[in-house]
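Enquirer: For the sequence shown, my numbering assigns the number 7 to the initial residue and increments by one for each residue that follows.
Heads up, a few of these hints could be off.
Quick list of in silico lysine to aspartate or glutamate cross-link-like pairs, EDC-like style, CA-CA up to 20 Å [as the list claims (entries may be wrong)]:
no.: 1; residue 1: K564; residue 2: D584
no.: 2; residue 1: K473; residue 2: E448
no.: 3; residue 1: K350; residue 2: E308
no.: 4; residue 1: K385; residue 2: D326
no.: 5; residue 1: K385; residue 2: E395
Just so you know, the hints here were simulated from the structure itself, not pulled from any lab data. No experiment lies behind these values; they were computed from the predicted model shown.
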Amino acid sequence: MTAIPPPDFRALYEGLFEHIGEGVFLGRADGTIVRANPAACRMLGWSEAELIRLGRAGIVVEDDLFREMLERRREVGVVSGPVHYRRSDGRTIPVELTSTSVPGPVGEPLTYTIFRDISDRKRADDERQELQRHLEAVLLGSAAGFWEIDLRTRRVRRTGRFAEIRGRESEASEVSLEEGMTPVHPEDHPKVMAAFAAVMSGEKEAVHLEYRVRVADGSWRWVRTHGKAVEFDADGRPVRAAGSMTDVQAEREAAAALREREQRLTAYFETPAVGIAITSLEKGWMEANDQVCAMLGYSREELRGRTWADLTHPDDVAADVAQFDRVLTGEIDRYALDKRFLRKDGEVVWTLLSVSCVRRADRSIDYFVAILTDIGERKAAEERLQESENLFRTLAAASPVGIFLADGSGNNVFLSPAGQRTLGISATQASGAGWIAAVHPEDRERFLREMAAATVGEFNSECRYLKPTGQVTWARVVGSPMRGASGEVAGFVGVIIDVTSQRALQEQVAIGSRLAAMGTLVAGVAHEINNPLGGMLASDGFALEEAERLRDELRSRKPVPASRMAEELDRVVEALRDAQGEGLRIGEIVKDLTLLGRPDAGRMRVQLREVVEKAVRSLPPALASGAAIRIDDRASPGVTAAAGQLVQVFANLLTNAVRASRPGIPIEVTVTVGTGSPGMVRAEVADNGCGMPPDLMGRIFDPFFTTRKTGQGMGLGLPICHAIVTAHGGTITVESTPGAGSTFRVELPAAPE
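Given these sequences and hints, build the entire structure.
Expert: If you want it as structure tokens, here you go:
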């Protein structure tokens with residue numbers, strides 16, 4: 007068996023020194039550099055002679071951390087950490103080094119420093135930790151996994167981190183070349199063998215390649231090998247080679263991730279959705295995607311020959327330059343604005359321009375990224391909207407009636423000049439809740455209630471406005487809700503009409519109507535009172551004649567039989583009773599006429615169900631017992647009213663319903679109490695009686711109109727009901743079908759909570 011010669015450590019050291027990827031300095035404790043390897047020269051841009059001349063003081067940027075590292079090296083003999091080196095071009099680069107003190111050949115202590123450039127390191131924390139472990143391994147003589155091959159015996163000696171690279175606890179320090187190739191991926195095995203064969207044959211001096219090896223968990227890991235022939239025989243043939251193996255799995259993954267990111271960025275750059283351009287500090291176009299070219303009508307080559315100013319609309323240059331200058335001064339790094347570009351064909355293109363600058367480490371600007379979004383349709387819509395708004399304001403200014411806009415809470419956002427004149431306040435005073443504050447205090451709550459009810463439809467409110475001068479103006483406010491995309495009430499739009507003159511005219515008409523009604527009433531009263539008055543006078547006359555005759559007989563002292571005297575007095579008493587009855591009838595007529603024209607001032611909050619129940623109890627027993635009366639209360643709110651007057655209304659309606667019976671049909675009356683139209687409480691009195699023909703329904707609320715027989719009614723019941731309900735701010739209507747019954751519907755304003 008051929009004996010393995012001892013390793014030539016000097017040759018091994020020289021091979022490592024020359025070919026290791028890290029920079030290596032051999033120096034003295036005073037900072038003198040004795041040797042510098044090629045990697046150190048490449049990293050720093052100095053030759054070895056220049057580095058020796060400069061020494062540590064010429065290349066190290068000393069700081070507290072570095073001085074602390076020197077002190078620690080004196081104490082413990084070894085130190086690791088980051089420092090900054092000066093390059094030949096004046097730049098400084100961060101490096102991570104490991105430095106140790108070792109004995110020199112003549113007892114003089116030497117320093118051995120290994121470092122690597124970490125400027126572009128983009129690995130994660132675990133990779134940096136791996137690098138730290140790698141540097142510590144270099145301190146122990148094996149910065150990576152080092153190998154040495156005896157080309158004559160084909161034996162491989164391994165040191166350093168071979169085991170860790172393969173995820174194993176240990177590795178044999180010496181194996182055959184074939185055994186050493188076992189972990190290599192089958193697809194990579196041929197190129198690895200070919201590379202080593204080229205070195206062993208002398209065809210190549212060095213080998214540099216990456217390949218995969220199997221690790222302990224069965225997966226494959228990428229490694230990088232650098233090596234060269236370090237010993238030759240007398241004929242110049244290589245007999246020994248040495249090199250290193252490092253783990254580059256993370257580096258490969260990072261490179262793959264970088265490629266993927268670049269692909270994504272490229273895909274984003276070429277997206278057809280927006281235009282993206284890269285520009286220089288001089289505002290020139292460096293690169294542009296297809297969308298930019300399509301938007302501006304220029305090819306990439308044509309754009310590169312132009313500046314931003316060449317393609318910017320003249321009216322937008324100043325705004326763009328102002329923002330651009332803020333970027334140059336460092337005040338901002340990005341800005342966005344609506345900007346017009348001029349296409350190659352002269353057409354104007356509206357864009358939303360977003361510009362961001364990319365700065366270098368020293369905060370100087372490297373280049374700009376500009377994103378152009380076509381907003382032509384949006385600008386056209388804004389122009390149409392502006393035209394529409396201008397038209398609206400013109401019409402509003404010229405309109406003889408006030409026009410208002412309010413938000414969903416009822417706050418005013420616009421009031422036209424005519425509306426300002428009507429309310430007597432300015433647009434500023436009307437804004438927000440100002441136009442509500444101008445409503446007369448007695449009408450304000452009702453106005454707000456009516457507007458709130460408009461969420462389900464139009465509102466039409468007539469109220470008084472109190473001007474700052476104290477003058478009262480009557481106005482009709484008509485509005486409709488505006489709805490948002492999801493159907494919610496977003497605001498109100500409507501008109502404000504000054505009806506002060508109209509109200510005055512209505513009062514004059516009302517006076518005339520009352521005078522006309524008085525004429526009708528006078529005629530009716532004359533007719534209604536004439537009959538009982540004639541009967542009363544006839545009875546009084548008869549009683550007077552009988553009393554005078556009986557008096558004369560008594561004065562003549564003629565004997566008058568007691569029986570005859572009693573008969574005479576009975577006739578007198580009966581005549582006086584008849585006269586009294588006719589007088590009482592006249593009194594009832596006068597009382598009803600008084601109620602017809604005088605509203606009751608004593609009002610309070612009442613429930614209509616309770617009012618109806620009192621009305622039922624007030625009916626004569628003979629009348630109430632002849633019908634089935636049912637009350638259906640559907641949780642109605644209260645009303646503010648004179649309870650006695652409302653009892654009179656429903657007693658009258660119930661009396662009419664019971665008396666409207668059909669022969670042989672049991673009378674059924676249903677009173678339904680519930681919510682009516684917005685802000686109102688409704689009570690319906692429905693019967694199954696004979697009903698009314700259409701030609702009579704228009705007259706039933708006229709005074710003294712009745713369908714009953716003479717002497718059974720005066721025709722004042724329903725007019726009085728109408729007067730009472732109207733005085734309470736309500737309405738009374740009727741629906742009737744001959745032979746099927748009638749329904750009287752009373753609506754009164756709901757009392758505020």
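Enquirer: Now look at each hint and say whether the structure bears it out.
Expert: Hints versus structure:
1. As the CA atoms of K564 and D584 are separated by approximately 30 Å, the hinted pair breaks the 20 Å bound.
2. For the suggested pair K473 and E448, the alpha carbons sit about 14 Å apart, so the restraint of at most 20 Å is met.
3. Distance hint between K350 and E308 is fulfilled; the C-alpha atoms sit about 10 Å from each other, no more than 20 Å.
4. Pair hint K385 plus D326 holds up; C-alpha atoms about 18 Å apart against a cutoff of 20 Å.
5. For the hint linking K385 to E395, the alpha-carbon distance of about 15 Å falls within 20 Å, and the restraint holds.
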